[in-house]
Amino acid sequence: MEKKKSKTLKEKMDIGRVDQIIDKYRGDASYLIQVLLDIQSENNWLPKEALERVAERLKVPLTRIQHIATFYKAFSLVPKGRHGIHVCMGTACHVRGAKRVLDSVQDLTGIRPGETDLDMKFSLETVNCLGCCALGPVVEIDGKTHGKMAPAKAADILKNYE
Amino acid sequence: MARLNSPEALEKFRKEILSKRNPDTPCISICAGAGCIASGAEDVIAAFKAEIRKEGLTADVDTKGTGCPGFCERGPVVVIYPEEICYLQVTPADVPEIVAQTIKAKKVVERLLFVDPATGDKAVHESDISFYKNQQRTLIGSNIKIDPKSIEDYLAIGGYTALPKVLTGMTPEQVVAEVKKSNLRGRGGAGFPTGSKWEGSRNAPEPIKYVIVNADEGDPGAFMDRALLEGNPHSILEGLIIGGYAVGAHEGYIYVRQEYPLAVENVTLAIRQAEDYGLIGKDILGSGFDFKVIVHQGAGAFVCGESTALMTALEGRVGEPRPKYVRSNIKGLWERPSVLNNVETWANVPLIINKGADWFTQIGTEGSKGTKIFSLVGKITNTGLVEVPMGITLKDIIYKIGGGIPGGRRFKAVQTGGPSGGCIPESLLNLEVGFDELTRAGSMMGSGGMIVMDEDTCMVDVARYFTSFLTDESCGKCVPCREGLRQMHKILTNITEGRGKEGDIELLELLSEVAKEASLCALGKSAPNPFLSTLHYFRNEYEAHIKEKRCPALYCKELIAHYIDPAKCQACMMCLRKCPVGAIDGGKNRIHVIDQNKCTNCGTCFEVCPARFGAVRKISGEPVPAPIPEEERNISRKSKEK
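As they're listed, the protein sequences go chains Y and C. Letter by letter, the first sequence follows residues 56 to 217 of my numbering. Letter by letter, the second sequence follows residues 847 to 1488 of my numbering.
The following block holds chain C by itself, in its conformation from the complex (with noise of 0.2 Å):
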């Protein structure tokens, strides 16, 4: 393929695939995210074009494996064009089917469509879903129209139509006026302002300057970076290649955990694709801009997420942080100015520039503008990525596009913001969400991780179980994050099993207040937030565990007893066979009866149990009542006895 040497050439390009393509041919769009991969879906993709292929139709259909839409609770996800019917869950089994009807003859295939289920209604485009009705999705959006693999899909969606409008049309201080304007602020976490980080490096000194994605995306529960850069990598690119014409820099890097083999995999063809057209590289367009870009793979540090700690790592070494006197975008790798954005600001650059400031600051709050994409995850009806504008209420995200709780239980709290964020209880799900709004409400923005938790979850044990993260992450440097972190989690753990002690809250509030104020990075600042706003919040829960040694979710395993109530056992033998350690008395027709001394209380017979029996329930705080006698134990079935 030839280099492209102009914007001109770049738009004739553009026409040729164009005029290759006839939007009304069927395309067989099937998710190739890692979300549905897990859920099969390369086994659907390779049905599919066998499929296609068996009917002799390989000429008149595209079949393509895309990026993630974001759905991954219904996965695998297949929506088919012109007409964009969405089939969800669909197996190798549905694929003859989904062909004869739906391509052959055009009919849809009612059994495959979203029900919703308050309404029972079907829906057969994806934009009737209410799981996306909802949403506004300019940078998701387009996962599922292209192949990730395909610069050609990129360019034929309009994609590279900023870079050269930059190149040609923009002095470089333009372009960092012209993102200042949009207000955009790092969607990384601490929300900083995207234009005044680059006009701090365009304008220092130093002539070497860099450009770094930071991929390293690791709060547990959060996958919003891995979906863009897996479904879309030349989005990335694009703003990447903006950012450092604006900046001065001439290399960009893309630092990105090695646990997403397949965005690395996909980020690496799309920088060898622009390389060949001559998107990257010398003399981009003809323009006299050199730059280029190189994959860094994180080795497993969620301290790397760090601005400083990711440029010591990018410098071969150990990820640790240093203290931030000198900004890293005055001296940060290789003590020269580096910009270091998040993923989705990246991918919020090129949009900015094709559609101007003034467009993305209609969207969002005063203090938040654009949207922002959230990984929607826990205890919800519809697990995935949904992308919002910013000011829309917690409540809309988790019942209108979530879906609300399933198994009928109780909504407790939302976490947001990652390890270092906080819970919001259900009082306060009416706030709307941006920066400023969830700082205000003792958590924070993060990088989009909202993790919905019911009546089940305990938030002393959430609290523990982010403090246990951190300190396992903490890299170790300084003391009140190293030290104060690990005492923390002994004194949590204490709490959980059963050991707390009155005074233990107050040890933890003063641990809390030296982390805060003496930390290094922000790993240590921001530690303390899941135990303050759990405590804020749910302080009768510390109480409980504390004073009563009851866990009110009767989830800490060792404050809880499980128990048969012997008024509803059917003596039906499940729990009895499935019971890891064999504690489980009892027969056909004999009631059982549990050995508390052999249990483990790892909960399987709570799980087995029939529902319309439910005769295993979980006691805290109380007694295990005891054992009926013997003679009471045997069940007289009287429909038998007749």
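Only chain Y is shown next, with the shape it has when bound in the complex (with noise of 0.2 Å):
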């Protein structure tokens, strides 16, 4: 009951802290990506109350803020897991392996690219390359670079996530 009660609070954002980072731009049109940016990366989603009210403050069509949020990709518009797990698929990495760690990755996690699971532990996307290409191929799990990776290495260190 209680983990439930944490879970709502985080997936609502205070509308008051969406005024402050449209302030922060002093309300200009012309920043929304990065005041999109900035709510998504505090709240790790776009709810759409929040949405909302960019589309009133910034006197935006709510249909823009959507063609921008489905069209780049650091947008959601649904909440993410506790650990977002980032598998690289740049080249470097992908000449390297990348595909099967990619595949067991989904195997142990039962999720595909995009999605998270039930019980909002993870989130898998793919990413086009980290820049870490010496480290190939490399997957990133909340921030943490993990380098060198093969598919009996994955299943190690997505154990240590709870």
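Rather than coming from a laboratory, the hints here were simulated on the basis of the structure. Hints are not guaranteed to be accurate.
Unchecked claim - In silico lysine-lysine, PhoX-like type, Cα no more than 25 Å apart, as pairs:
hint	chain 1	residue 1	chain 2	residue 2
1	C	Lys1424	Y	Lys208
2	Y	Lys154	C	Lys1444
3	C	Lys995	Y	Lys79
4	C	Lys1424	Y	Lys203
5	C	Lys1138	Y	Lys79
6	Y	Lys208	C	Lys1444
7	Y	Lys203	C	Lys1464
8	Y	Lys199	C	Lys995
9	Y	Lys208	C	Lys1464
10	C	Lys1371	Y	Lys128
11	C	Lys1403	Y	Lys154
12	Y	Lys214	C	Lys1424
13	C	Lys910	Y	Lys199
14	Y	Lys154	C	Lys1395
15	C	Lys895	Y	Lys199
Join these two chains into a complex; the hints should help.
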């Protein structure tokens, strides 16, 4: 019960905070993407209420905001899991076997890229290059980079996340 | 701190900084670039700081996290000045020994030095290492010497000397003329002459103009711009301010990917420092020139690296390209003249001003001047960033600097130019690197990604990979790119999964033709390159996939099988334990057999089988041998039976 409560709190974003972000950019509509990025980075996803507020304050149609929120990869319109897994599919990682690492991460978590599991534990994404090519194949979990990955190593690492 | 109101005040301040610095004071520089941080550099920096404090040396030794020197393969990299001793793959456990031996006793810790794999010689200094010896590092060489978060460090190595020179001694026209004379060409991919671009904007009638840094480095496998922006942000700012002065712009933008948080942080800090000193802002150095810089983060869209798409993104809209009937240097951001250059192009500007166009044109080939940073990655011994003069051969980059292919494998191809580029085969390794030379070989310079592939890389899969990348990143505005690439990707996937059929190659060629001719922007126009270049040089691989359902590189999962050679299997249980799907049957002293119906070809058994046995092999294009009869599966170990 306690857990559920904290989740609902996290899913909703304080509108006052959205206003603060908008004020930081002086309500200038050309900073729309920057405003959304700030909300995304703070909240991990873009709740509908926040987008409505942005539309109202910046005087931008909600459709345009949705166009942007679905066009750019950084944005998510659904809540994300506690741990974000980013499997690098850049060329250097690809030629060193990133596909096989991704396959095994998919098998282990039961989700495909873009999905979040039902327990809200993991969200899986592929990225196109983290720039740590010397360590490829690379998997980044919650901002920590795990290098020289192999299918067998993925299981050992994912075990450490609760 | 006081604003610097004149070039003299700037020089005075520089002298003050230098007078406080003794070049003989030991300085421990630890790479704090993203690659080394991923290898644990932050812990190493913390360990050095703690050790120096513990030994009471804080006043006598400088310790700093610096920009990326490029040798990511052996990170974390530590260089100790003034001796310039270079230690590689340093861990926190090595720190007390380094401080005791090198800092206090002035001795070299041999075991942390670079050992040349060919000769076995140890290299003490950075400049002795074969990886660095054959480079010409005019842009990236300063990275390891400065803390990117310190403007004083940049001033101490002679930074911001080109800016006062331009503001007090040159007219904007002279600056444009100097850049034109240098023949500097855009480092972002297309290689457009920078000076001409500037001149077009300068002469455009609209009074408000912009200069923009393109730091939306989206090519997978390329991180040159990140290293510059993270490691030496002031050099890019200085170039940008000079560009603004030359073009007549008073506003500059830096469009940087949000995937590069450290670059965003360092460049934002650099702008604030430059503002504090009056190097950005109103009346810069008393010259009357005003200039401000704004950082804009990209939100993850490859197409935004395209000039017109980037500008629409800057306006706060969806980044879609527009047709270029009028070039963006005439009508760009907010429909005003806008000069957009790549990070590396801007970084070259202060050098050209300081050393002169004549110095710059001495380096390079007829059509391509100066140096170029490449990110050398993939199946290569020394992964990292290499800065070389234009005109060096691919062979020299891959073998002399890169140290060749690891694991005794054979070189197959090198891919340049990112997703829009192409693969260059072994027969063309003597090719000189330059904009026109690479285009003639069916590839392109691009922004500088250089991905080395060995015999285990399937070229059809490489084409499929890039096409998949571009299908995903297509903005969807024009049909040839949105629909054409989707179909190409489908056909290529079919081929790699064993469903290729006669006529596929011809259909792909047709789709390529249309995408090349009819797409709106460079993304679509160049998207067929990976397919066309691999087809041109590796047609046999396509045919093997289609006709024989065989992957010659033994890579494509659907076309291979894993098989344990009963003559070699020592029943060590390694693969059996590690197999994620339980497809391997066997036991102690019982030869292992893979159940082909259960096997997912994940390759784990192939990886874990001890090299001295080498019992697991991949098979393609031929049936898997039948398992040996049960009664022959027991291994009798003679030594034990005696």
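Here is how each hint holds up against the structure:
1. C/Lys1424 x Y/Lys208: It holds: about 10 Å lies between the C-alpha atoms, which stays within 25 Å.
2. Y/Lys154 x C/Lys1444: Given pair Y/Lys154, C/Lys1444 holds - Cα atoms ~19 Å apart, limit 25 Å.
3. C/Lys995 x Y/Lys79: Roughly 24 Å between the alpha carbons, so the hint for C/Lys995 and Y/Lys79 holds.
4. C/Lys1424 x Y/Lys203: Holds - the C-alpha atoms of Y/Lys203 and C/Lys1424 are around 18 Å apart, at most 25 Å.
5. C/Lys1138 x Y/Lys79: holds, 18 Å
6. Y/Lys208 x C/Lys1444: Answer holds: Y/Lys208 to C/Lys1444 is near 21 Å, not above 25 Å.
7. Y/Lys203 x C/Lys1464: Between Y/Lys203 and C/Lys1464 the Cα gap is close to 22 Å, so the pair holds against 25 Å.
8. Y/Lys199 x C/Lys995: Measuring from Cα to Cα gives roughly 22 Å; hence the hint holds.
9. Y/Lys208 x C/Lys1464: Holds: Y/Lys208 and C/Lys1464 sit about 21 Å apart, inside 25 Å.
10. C/Lys1371 x Y/Lys128: holds, 23 Å
11. C/Lys1403 x Y/Lys154: holds, 10 Å
12. Y/Lys214 x C/Lys1424: holds, 16 Å
13. C/Lys910 x Y/Lys199: holds, 22 Å
14. Y/Lys154 x C/Lys1395: Status holds; Cα separation ~21 Å.
15. C/Lys895 x Y/Lys199: holds, 23 Å
Violated hints: none; the structure is consistent with every hint.
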